[in-house]
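Chemist: Model the full assembly from the supplied sequences, consistent with the hints where possible.
So the sequence lines, in the order shown, correspond to chains A and B. When we follow the numbering used here, the leftmost residue of the first sequence carries the number 79, and every step to the right adds one. When we follow the numbering used here, the leftmost residue of the second sequence carries the number 564, and every step to the right adds one.
Rather than coming from a laboratory, the hints here were simulated on the basis of the structure. Do not take every clue at face value.
Claimed, not checked - Dumping the calculated DSS-like pairs for lysine-lysine here, alpha-carbon to alpha-carbon at most 25 Å:
hint, chain 1, residue 1, chain 2, residue 2
1, A, K169, A, K146
2, A, K169, B, K982
3, B, K1074, A, K169
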Amino acid sequence: MTTVHIPFLQTGTLAVGGRLLDDAERSVQSHADRPSSLTKGHRACQGCAEALAARWVMDTAVEAADGKLVVANATGCLEVFSTLYPESAWKPPWIHSLFANAAAVATGIAASLHAQGRDDVRVLAQGGDGGTVDIGLAAVSGMFERNDDVLYVCYDNQGYMNTGVQRSSATPASARTATTPAVGRSPGQAFGQGKSMVKIAMAHEIPYVASATVADLRDLEHKVRTAMSIRGARYLHVLVPCPVGWGSSSSQSIALSRAAVQSGIFPVVEARAGELTDVQRIRERADVEEYLRPQARFAHLFKPGGEDALARWRALADANIRRYDLLGERS
Amino acid sequence: MTSHDAPPTLGLSTGPATSLAYHTGTWRTERPVYVELAPPCSLGCPSGEDIRGWLGSTQEGEAGFETAWRRLVAANPFPAVMGRICYHPCQTACNRTDVDEEVGINAVERFLGDTALERGWPLPAPAASSGRRVLVVGSGPAGLSAAYHVRQLGHEVVVREAAAEPGGMMRYGIPAYRLPRDVLAAEIRRIEDTGVRIECSTPVTSLDDAQAEFDAVVLTVGAGVAHHVDIPAGAASKIVDAIDVLRDVASGHAPLLGRRVAVYGGGNTAMDAARTARRLGASEAVVVYRRTREQMPAHPTELEDAVGEGVRVQWLSTISQVEGQTITIERMELDEDGRPHGTGVFEELDADTVMLAVGQDADLTLLGDVPEVVVADGVVQVDPTTLMTGRDGVFAAGDVSPGSRTATYAIGRGARAAKAVDAWLAARVLPAEPVQREATAERLQPWYYSDAPKQHRAELEAARRVTGFEEVLAGLDAEHAVFEARRCMSCGSCFECDNCFGMCPDDAIKKLGPGMRYEIDYDYCKGCGICAEECPCGAIDMIPEVR
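Modeler: Structure (structure tokens):
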């Protein structure tokens, strides 16, 4: 994206901060007194990118809302690891109701605040891919369709991880999960299934839709800030590697996000009113192998018989590169 | 007791508590620790400069220039000189070559050196006087470096120089187009200002007399005598030593060399001699070298500069005879061991003058009657740790002692000799130089260093260069020097980019404020390793947890 650019000061736009930066140029996360909305002591697994993304998103939203932010959370890893009764790791006002209804709860909060003339208090709803793409899709779609004043954030770790890594409709093709074992003629999640939540959100033609990763903090903070500057239904989809469910090293969560973007597997985009408005270009093109190989859920792609699936991954990356012009060849 | 601290009771009556009560640090099997590793630039710097340190201060711009210069002269009192003539092995070692191009360290060094001269920054004041007196014999880079560092340690220092001017090879060996004399003179004067006394035209002839007068002696007489080879030559032929020509030019007595000049040898002196010949009016300057380009001892940049000025190199060739204005050259070939052998194939070359640049020897007449001082391979043998010769209290450094014959090495050895003298005077044992762990390229995460290619110093047009002795390379201005310094990746040393702090999923890193870096909260750190993985400069190690 071209929207965030800081001058070259030893490191550039890609690092979190830098001692030579002016205060105004700093990311929210680089401030010693950042909100840290999701605080220490939460029970997320080692290297959990969802915990990281949730703090990044929420800290930026809290700052953008001047501290007046209410959060509704769907059931899922994020809810489970952050609120083991009676403890909470959340600093902002936070509510959990059911798996399917986070968007509906948020809608209700927003309507109630509006009725009370408290439009200065902003509402954020969040959930995993299970609570968003599968179980909660009806409520999310309704919230979009009514254009309720809610920012909905989906942390997509591509499966039901805290219940034992079952597949979701966001699990990528050929990935091994507890319910899609790597056996048979077409091992892992079947090709041709699954949903693209970004495209579904865009099809609702809501004011703002964006995708992001934990590989680019500046981009993510910029998108949250942009979303917070808009009223109505907004959707942010963040890819969050899960070391346990993906079978990757806990230290690789950011590196895998980087590989997902640089290989073309995960397009980082921005759309307004259903129209694509910006795309993050590939900076250093990576092969899909760089993304797939470190993940045990794709181990069978690198054994005899995996060639076909691997070729389909390459085709998927190429299709994304073409569709979103990720190499900037058309512009 | 607040409601947050209330012990949990049953059911919905329980008030909210915070997750801070739960210490996730107990999950850890590996712990991240901040480390400080040696960067390849400093490890590659024979002068022992803390390059990463002074580049770091330069990055701050105007406010950091003087600090940067002070960190630089802590090792090397000649930044303006070395910023011009050093062959910069630091840059060859620089990890940034893996990202785009190495950092232009040498250009920033020169910028700091020139800035210090312009603004008249003095060298640090010496330590309180020890009352001990040290003689340094010779005022080349090794001698003046030794003198500066010995003086810094509080001893009285006298430098005795046989020539009329101080500087040794910097004054008489390196042509002015590479090192303007006013720059050299200013940096020498600044050393004198710290209390070092330099006595020129004062050769030291007796070591015993010197030791009677001083508590310790450092021999830094260099290697200023041309090495000779036997070439059958007729009486009408003009054969001169390259080092003498360079010395004469530097003394203001440019010799007549003629239109066609052949230089015999393949070292840096040969390059300087050929380039000087071009400047003295020779339209043809041919370097005759008996091996190949890969084996040439001259630094590649020097060769490139010479070729750029029209100097031609005749590879795999020896001069077998000189008769009048005709030299006979024998073609060579390399055997399996890479040694050159004659092929019996001869050719002729016209040359008005032949300059010999086949090596230099040390003038050791001073040691005539001192049997304990061992001389082998033409140089004085020293203890590798203390640089002391066989004679108690007599040390040697620079070209007169074993090792690389470069100014930067001489400066480093001079500084080492100073430490050794100081230890010896105090009857202390000087510890060996510590072995440091290197911040290798594999430790770095180059993704975070945006592409920012080296700022090239504007080179004078090659055509203009050969018309005179004006300086070939221009310096960087402040803006470019700061930019260049900021290309330093700070290999192996935290530069506070906030990646670890911002990227910890467990919020377990504390930012301590500018210059204070960070602290890991081991009560909560789960040891995932993201901080170590994403640290751009490789300043975090993951070590096994022992419980």
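Chemist: Next step is simple, just say for each hint if it's right about the structure.
Modeler: Structure-based check of all given hints:
1. K169/A x K146/A: 12 Å, holds
2. K169/A x K982/B: Measuring from Cα to Cα gives roughly 58 Å; hence the hint is violated.
3. K1074/B x K169/A: 20 Å, holds
This entry does not satisfy hint 2, going by the numbered hints stated previously; all others are met.
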